[in-house]
Amino acid sequence: MNFNLTLIGQMISFGVFVWFTMTYVWTPIVKALSDRKAKIAEGLAAAERGHQEKSLGEQRAQEVLNTAKAQATEILSQAQKRAGEIVEESKVDARSEGQRLIAAAQAEIERETNRAREELREKVATLAVAAAEKILKKEIDVRAHQSLVDDFARQI
Amino acid sequence: MSTAETLTAQGYIQHHLTNLTLGVHPEHGLGFAHNAQGAAEMGFWAINVDTMFFSILLGWLFVRFFRGVAEQATAGIPGPAQNFAEWIVEFIDENVRGSFTGKNPLVAPLALTIFVWVFMMNLMDLIPVDLLPWLFGQSMAIFGADPHHVFLRVVPTTDPNTTFALALVVFGMVLYYSFKMKGVFGFLGELSLQPFGVWGMPANLILEGISLLSKPVSLALRLFGNMYAGEMIFILIALMFGGGWALGLTAGALQFVWAVFHILIITLQAFIFMVLTVVYLDMAHQTHH
Chain P
75 MNFNLTLIGQ
85 MISFGVFVWF
95 TMTYVWTPIV
105 KALSDRKAKI
115 AEGLAAAERG
125 HQEKSLGEQR
135 AQEVLNTAKA
145 QATEILSQAQ
155 KRAGEIVEES
165 KVDARSEGQR
175 LIAAAQAEIE
185 RETNRAREEL
195 REKVATLAVA
205 AAEKILKKEI
215 DVRAHQSLVD
225 DFARQI
Chain A
39 MSTAETLTAQ
49 GYIQHHLTNL
59 TLGVHPEHGL
69 GFAHNAQGAA
79 EMGFWAINVD
89 TMFFSILLGW
99 LFVRFFRGVA
109 EQATAGIPGP
119 AQNFAEWIVE
129 FIDENVRGSF
139 TGKNPLVAPL
149 ALTIFVWVFM
159 MNLMDLIPVD
169 LLPWLFGQSM
179 AIFGADPHHV
189 FLRVVPTTDP
199 NTTFALALVV
209 FGMVLYYSFK
219 MKGVFGFLGE
229 LSLQPFGVWG
239 MPANLILEGI
249 SLLSKPVSLA
259 LRLFGNMYAG
269 EMIFILIALM
279 FGGGWALGLT
289 AGALQFVWAV
299 FHILIITLQA
309 FIFMVLTVVY
319 LDMAHQTHH
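As you go down the protein sequences, you meet chains P and A in turn.
Start counting the first sequence at 75; every next residue gets the next number (the numbering used here).
Start counting the second sequence at 39; every next residue gets the next number (the numbering used here).
Mixed in with the good hints, there may be bad ones.
[What the hints assert, rightly or not] Below, a list of computed lysine-lysine pairs in the DSSO-like style, where the Cα atoms sit at most 27 Å apart:
1. P:128 to P:105
2. P:208 to P:197
3. A:220 to A:141
4. P:143 to P:128
5. P:105 to A:141
6. P:111 to A:141
7. P:165 to P:143
8. P:143 to P:155
9. A:141 to P:113
[Unchecked claim] Residues from chain A shown here face chain P by an in silico Cβ test under 8 Å; the list is partial:
10. 147
11. 150
12. 171
13. 202
14. 222
It is worth saying that the hints were derived from the structure and are not from the lab.
The beta-carbon is built from N, C-alpha and C at its ideal position, and this holds for glycine as well.
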């Protein structure tokens with residue numbers, strides 16, 4: 075155990091190493107550590123927030139979905155009602171239109187019948203006149219032939 | 039183990055316990071000491087080149103590694119080197135927080151330096167005792183030196199100069215902060231008024247003085263003693279390798295067992311030195327009335 079200059083040398087190198095560690099080593103590493111700690115805490119908080127937001131969003135989505143469903147049901151029922159009404163209306167329309175057509179057709183038939191009857195009547199009259207002329211050319215016995223002419227005219 | 043000294047166990051041990059000392063010998067002038075006695079004759083103004091070289095090399099490796107990490111330190115995902123450095127830093131930080139109650143930005147870096155540097159210097163003990171001295175001797179022989187007179191001690195903490203240097207720096211800090219925190223009278227009062235009060239002042243001074251002075255001495259001697267004894271056991275085990283194959287095998291097993299056990303010792307000694315330093319500094323910072 076002989077002490078010599080090494081003692082002083084070791085003291086100086088120890089001091090230098092301590093100084094260097096304090097100035098250039100400790101602070102940056104500890105800072106990185108505390109920064110990371112803060113970052114992790116931040117990340118955890120953000121995750122927690124995200125979680126809450128997610129459940130909130132889900133809830134909101136569910137609400138929107140529910141209202142949409144309700145609206146859809148309402149629209150559907152309204153549409154069904156409207157369709158029923160339309161069908162009902164068109165039925166009524168069709169019926170009245172049909173009746174109108176029938177009426178028109180009947181009127182037409184009536185008219186045609188009348189017209190035909192008129193024509194026939196005219197022809198019968200002519201024929202009757204012609205027949206009468208022919209009969210008259212021979213012998214006219216009004217009394218004898220009155221019932222004949224009447225009969226004839228009635229047949230028309 | 040020169041021509042004069044035969045290859046004796048004593049010579050072998052002596053060789054391993056002699057530092058490579060550079061200094062001015064009163065008879066041989068400037069140069070490396072040829073033996074332990076020569077080194078002692080150089081007096082105080084000589085330097086143990088091996089101790090200085092290895093301690094500064096290890097200290098340089100330590101600051102180089104940690105500085106490299108600190109330069110690229112990121113709060114994001116750390117790389118393996120940063121992970122390792124952070125593991126040590128957090129370990130130190132936890133210990134300092136646990137035992138140091140004051141506020142001083144110096145203490146934690148000081149503890150880190152002590153722990154890692156002392157651990158690395160102690161770690162040199164696990165290198166086979168003959169390897170580096172033999173390599174050094176052989177390489178010096180190229181330059182014409184007698185390898186038997188080339189000494190090399192690779193474990194700086196087995197040199198009391200190192201351990202006392204550390205302890206004295208710590209002691210200086212203890213004194214500095216005692217005066218700074220407690221004030222001159224506060225510190226002197228603490229030394230002279232406890233534990234027996236004003237009327238027991240001489241007894242107080244003796245007791246407190248001893249307890250104060252024992253701090254650096256116990257710090258230095260504990261580390262030195264443990265490392266010196268550990269190295270000595272490695273040397274004694276190494277001696278057995280020369281005693282035939284049976285003894286050699288036993289020595290191999292013993293060396294393994296001791297090395298494994300020594301891993302615990304070197305870590306523990308570095309840790310104890312660090313913790314006691316922090317505790318002493320904490321005591322220096324306390325101002326109780």
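If you take the shortest Cβ to Cβ gap from residue 222 of chain A to chain P, is it below 8 Å? Given a least distance of 24 Å, the restraint on residue 222 of chain A is violated.
When the nearest CB of chain P is found for residue 202 of chain A, is that gap smaller than 8 Å?
6 Å, holds
- Query: Does the alpha-carbon distance linking residue 105 of chain P and residue 141 of chain A stay inside the 27 Å limit?
  - Reply: Roughly 17 Å between the alpha carbons, so the hint for residue 105 of chain P and residue 141 of chain A holds.
CA of residue 143 of chain P to CA of residue 128 of chain P, is that 27 Å or under? 22 Å, holds
- Item | 27 Å limit on alpha-carbon distance, applied to hinted pair residue 165 of chain P and residue 143 of chain P | 33 Å, violated
Restraint status (C-alpha distance of residue 128 of chain P to residue 105 of chain P at most 27 Å): Judged against 27 Å, a Cα distance of about 34 Å means the pair is violated.
Min Cβ distance, residue 147 of chain A to chain P: is it shorter than 8 Å?
The hint holds - residue 147 of chain A has a Cβ within 8 Å of chain P, the shortest such distance being about 4 Å.
Are residue 171 of chain A and chain P close enough, Cβ to Cβ, to be under 8 Å, as the hint says? 18 Å, violated
Restraint status (C-alpha distance of residue 143 of chain P to residue 155 of chain P at most 27 Å):
18 Å, holds
Restraint check for residue 141 of chain A with residue 113 of chain P, where alpha carbons must lie at most 27 Å apart
At roughly 26 Å apart (the allowed maximum being 27 Å), residue 113 of chain P and residue 141 of chain A satisfy the hint.
| If you draw a straight line from the CA of residue 208 of chain P to the CA of residue 197 of chain P, is it 27 Å or shorter? | It holds: about 16 Å lies between the C-alpha atoms, which stays within 27 Å.
* **residue 150 of chain A as chain P interface residue, shortest Cβ-Cβ below 8 Å** => With a minimum Cβ separation of about 6 Å from chain P (threshold 8 Å), the hint on residue 150 of chain A holds.
Against the hints set out earlier in the document, violations occur for numbers 1, 7, 12 and 14.
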